[in-house]
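Colleague: So you can see what is in the structure, the chains are spelled out below.
2 protein chains.
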Amino acid sequence: MIPGDALNELDAMLGERLSTGKSDLALHGRSETYHGEMPPDAVVYPDTTEEVARIVEICARHGLPVIGWGTGTALEGHASAPRGGVTVDFRRMDRVLEVVPEDMLVRVQPGVTREALNTELRATGLFFPVDPGANASLGGMAATRASGTTAVRYGTMRDQVRGLEVVLADGRVIRTGTRARKSSAGYDLTGLFVGSEGTLGLMTELTLRLWGQPEAISAAVCGFETTEGAIAAVILAMQMGLAPARIEYVDVATVRILNAIDGADLPERPHLLLEFHGSDAAVAEEAARFGEIAAEHGGGDYAWATRAEERSRLWSMRHRAYHTILASRPGATAVVTDVCVPISRLGEALGRAAEAVAASPLEGPILGHVGDGNYHAILMVDRDDAGEAAEAKRLSDAMVAHALELGGTATGEHGVGFGKLHLMEAEHGAAWDVMGAVKRALDPEGVMNPGKLVRGN
Amino acid sequence: MIPGDALNELDAMLGERLSTGKSDLALHGRSETYHGEMPPDAVVYPDTTEEVARIVEICARHGLPVIGWGTGTALEGHASAPRGGVTVDFRRMDRVLEVVPEDMLVRVQPGVTREALNTELRATGLFFPVDPGANASLGGMAATRASGTTAVRYGTMRDQVRGLEVVLADGRVIRTGTRARKSSAGYDLTGLFVGSEGTLGLMTELTLRLWGQPEAISAAVCGFETTEGAIAAVILAMQMGLAPARIEYVDVATVRILNAIDGADLPERPHLLLEFHGSDAAVAEEAARFGEIAAEHGGGDYAWATRAEERSRLWSMRHRAYHTILASRPGATAVVTDVCVPISRLGEALGRAAEAVAASPLEGPILGHVGDGNYHAILMVDRDDAGEAAEAKRLSDAMVAHALELGGTATGEHGVGFGKLHLMEAEHGAAWDVMGAVKRALDPEGVMNPGKLVRGN
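Protein sequence lines, in the order shown, are assigned to chains A and B. So the first sequence is residues 1 to 457, counted in this note's numbering. So the second sequence is residues 458 to 914, counted in this note's numbering.
Next comes chain A alone, as it looks inside the complex (with noise of 0.2 Å):
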């Protein structure tokens, strides 16, 4: 329970916005996967970094969790409240401050998400690239060190962030970074506090860079004999340096689910999503080498889409698959797994990913982004069965021991929150130890975020 003292300041700063509302509280406890429902006991929306400074300074006056909210995505629990405490949500931190167009670079506040600020974009020639499916908030992205299917090109959010506004746990605003390519001025704190999910602090202003629309898009579908056959020729095309701007995978079962739910109509096989980006010869010749490898590996149906509509549709499905996956089992919830392997492992992980499943009373159809080694299994349960979650959690705990042996990582872009946190100690070792000394360097009365990412926080 919130106290009254600490509810009156609130109020008296923010006034309707503040809410204590029961569906309000309950929707900012809800986690997109399996996780239960834990509210906090009030919900903020500030307007700007001073009364973020505010809000932090009260609640840790008083005692009080302070968690970070985007748009309420993140697979892991990493919004939820475990503790109660104030939800932050940034919603209405959502302009987009500047554009600055000769050094690719953008200023903006946390709540715009990567939808809104490719549309502001799109008459400069600029685009921000990072896509992790959902319309996610930027500030909740980095925050996460999202990525999803563009990463294999333009990298992850670690790769964009080029400077931070930062509330910090006793509400002290930083800067971090310059508008400088490169600096060596000392620790990289951006690179910090990306992926540190709210615990080390609330960003609240974010520079990001973008990068030129491109001369030339290419998709393509293609289906594949074999999984083994797909995986390799992805495996091939990574190592001839091919530089796909996505290269998705999606099994059986998948495409099964694509066809009987959401219209699609491909050839029950496994099939690889493509997409190119370049100039005009370049993007016709990877197309081309890419075919020479499919080719070679049992691919074939090698349709391509250079309609700006045809492209869009197979994006849009390939982003709906995980709802129209939940969809094919109603009522059911999820455990999704995460982990990214070194791509020379990845038939490896995959191939016993796959026969783990099979074996499995559970339905977990696979998909992902093969591109990096990283892919999820959608282990599809009924949230009021414990002996499925507890199956799908071991399914899950076995594919990260099995990647992290391939020298992979539990979780390739979801992140940590407390759904992974039982993870960390195998993954990290004693280097897990070093984040919890950060993080009490930080945050030592354990304001930002508890009961994610460090132990014992």
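These aren't lab readings, by the way, just hints derived from the structure by calculation. Glycine included, every Cβ here is placed at the ideal spot set by N, Cα and C. Heads up, some of the hints might be wrong.
Stated by the list, open to error - With the C-beta cut set under 7 Å, the calculated list includes, among others, these residues of chain A facing chain B:
#1 G241
#2 A243
#3 V255
#4 A441
Using the hints provided, position chain B relative to the given structure of chain A.
Modeller: Chain B only, in chain A's frame:
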């Protein structure tokens, strides 16, 4: 002075690999620039991570500073010993431990130099691109977040280090990162240690990203009528999305010195030195597009070097330029500036820097990695003339103040050491205190490289 007990413990472990000889100490107290000699009390030459951990543990117990040493080519006193202590020279830890061509990775000890690595890689079709000029050690390059001529295309050390083994201030050994292309598993400790200049720990192993050797390479030298024209061409090339592998500026003063001392035969004009990497077609296209841009900005004398020997001669000359410039004033040392500004402000920044040098009694040829907005004035001073040193520092600080006004940084690639310590408050504000908090969290006793990078260290 080092206590006898500590010396005995180190001696028992290292025998002849512990040195207290005067010339060895002096050598490890030297800097390449104007900083005076600050020798350690002892130098150690470990062979293994375990030895490094024991050395650090012994030093921590006796309150002795520990300073890492690669090749001694840092410019801001990073590796000298202002408070004495023990310098850990990594020259014996110089093995390439594992090349993983199928994942384009290599695992190295910190004492491997970049040239040694590239020699080792020659037959693999892969290479390591970061090239700061000096044949520095990879551990040193990671510790200073080095970059250099090729960063404009391949990024800095920040972008190449996939994982680290680090000995912490208390002797613990941790591993950061994985072999996967991306991860969201907690704080980016790899990124935190890269650029930390040995103040948080000593890197004992690095996993680095490799790149495919380009199919075609083409280099060019292009003289311009004016500095403004040369810089305008660079800005436009970068804004148009050209991706040169190198795009270097040398001013007229540098050209005169190269002609006089290094046997060059360049017209007395500002020049750009360029290199393009890619497929034959891509290189030809980029070169042609740059040619058009140059011609519009008073560029001429566009001489191509496609033969490896010619290119090698060109870049050796560029790499020697610092020492060639120093040789133009016998007995001189230098204050080397290193600001980096957003590309759109490069003309302004470099123009004002050139004016300031022209108005000063000092000679200060200007050259640099202008595609990144980063350049250096080599301000030559008599080591024994306090007035000259003061004038050079005044010029340097003024350039930094201007760069910060323009949204840039005090140091694009040389780092802080103690030479740029006094500029950090202006650049970072309260964020510098956050760096201090991180430092104290990981090294509460101030064992690791004291006197560098953070306040009160």
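Colleague: If a hint holds in the structure, say so; if it doesn't, say that too.
Modeller: Now for the hints, and whether the structure bears them out:
Given hint, G241 of chain A at the interface with chain B, holds; its Cβ is 5 Å from that chain's nearest Cβ, closer than 7 Å. A least Cβ separation of about 11 Å between A243 of chain A and chain B goes past the 7 Å threshold, and the interface hint is therefore violated. Among the interface hints, the one on V255 of chain A is violated; its C-beta lies about 26 Å from the nearest C-beta in chain B, farther than the 7 Å criterion. The interface hint given for A441 of chain A holds, since its Cβ lies 3 Å from the closest Cβ of chain B, which is under the 7 Å cut-off.
Checked against the numbered hints above, the structure violates hints 2 and 3; every other hint is satisfied.
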